[in-house]
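Chemist: Model the full assembly from the supplied sequences, consistent with the hints where possible.
Residue numbers for the sequence shown follow the numbering used here, beginning at 683 and rising by one.
Read the hints as simulated data drawn from the structure, not as lab findings. It is possible that some hints are incorrect.
To be verified - Simulated crosslink set (DMTMM-like; lysine to aspartate or glutamate; CA at most 25 Å straight-line):
id: 1; residue 1: Lys685; residue 2: Asp757
id: 2; residue 1: Lys721; residue 2: Glu707
id: 3; residue 1: Lys771; residue 2: Asp752
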Amino acid sequence: MKKITFNAPLNHKAYSYEPMQIEVEKVIPLYGKRFEQMKNHLLDDCPEIIENRDLMYMKGNTAHCILFLDANGSDGILVEAEGADYARKSQFIPNARAIIEANDIIFGLFASLSHAIEDDYNKSHKKLQSKIDSKLQHMIRKHKQELGITDDHEMAMQ
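Modeler: Below you can see the structure in the form of structure tokens.
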């Protein structure tokens with residue numbers, strides 16, 4: 683079996699894992715050594731957290747977070763600062779870039795499907811409208827004939 687290798691923190695004597703709903707409000711790539719600085723100093727004040735503090739909050743059982751992405755790698759750090767200037771709540775996310783890319787692919791597929799459904803609906807609607815218009819024109823001509831009204835007579839009346 684081929685070995686699988688990735689980065690992840692291991693918790694010492696964890697008694698449980700209770701995941702919660704996460705909504706990533708913004709993805710911020712960190713360039714150069716900035717990602718390593720954040721990863722190794724999570725309790726230091728962080729200008730990127732301060733700038734985006736209003737995007738991080740708890741609502742019900744959902745944490746609205748910022749995902750800081752290693753611009754030179756694939757990992758990320760998920761942060762919900764609770765109004766602080768540092769990463770008060772955080773989680774290291776291995777292969778975060780793959781999660782973002784998969785989400786982008788799924789979103790793109792849904793958008794394409796939505797456009798296809800809309801186009802199909804519009805084509806069907808146009809065909810149906812054309813049929814209705816044709817039938818209405820036929821019914822109007824027939825009713826005019828029954829009343830003895832001709833197009834020439836109608837024009838003379840106008």
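Chemist: It remains to establish, for every hint, whether it holds in the given structure.
Modeler: We went through each hint and held it up to the structure:
For the given pair, Lys685 sits about 19 Å from Asp757 by alpha-carbon distance, which is consistent with the 25 Å threshold. Distance check on the hinted pair: Lys721 and Glu707 sit about 20 Å apart at the alpha-carbon level, within 25 Å; holds. Taking the CA atoms of Lys771 and Asp752, the gap is near 18 Å; set against the 25 Å cutoff, the hint holds.
Of the hints listed earlier, there is not a single one the structure fails to meet.
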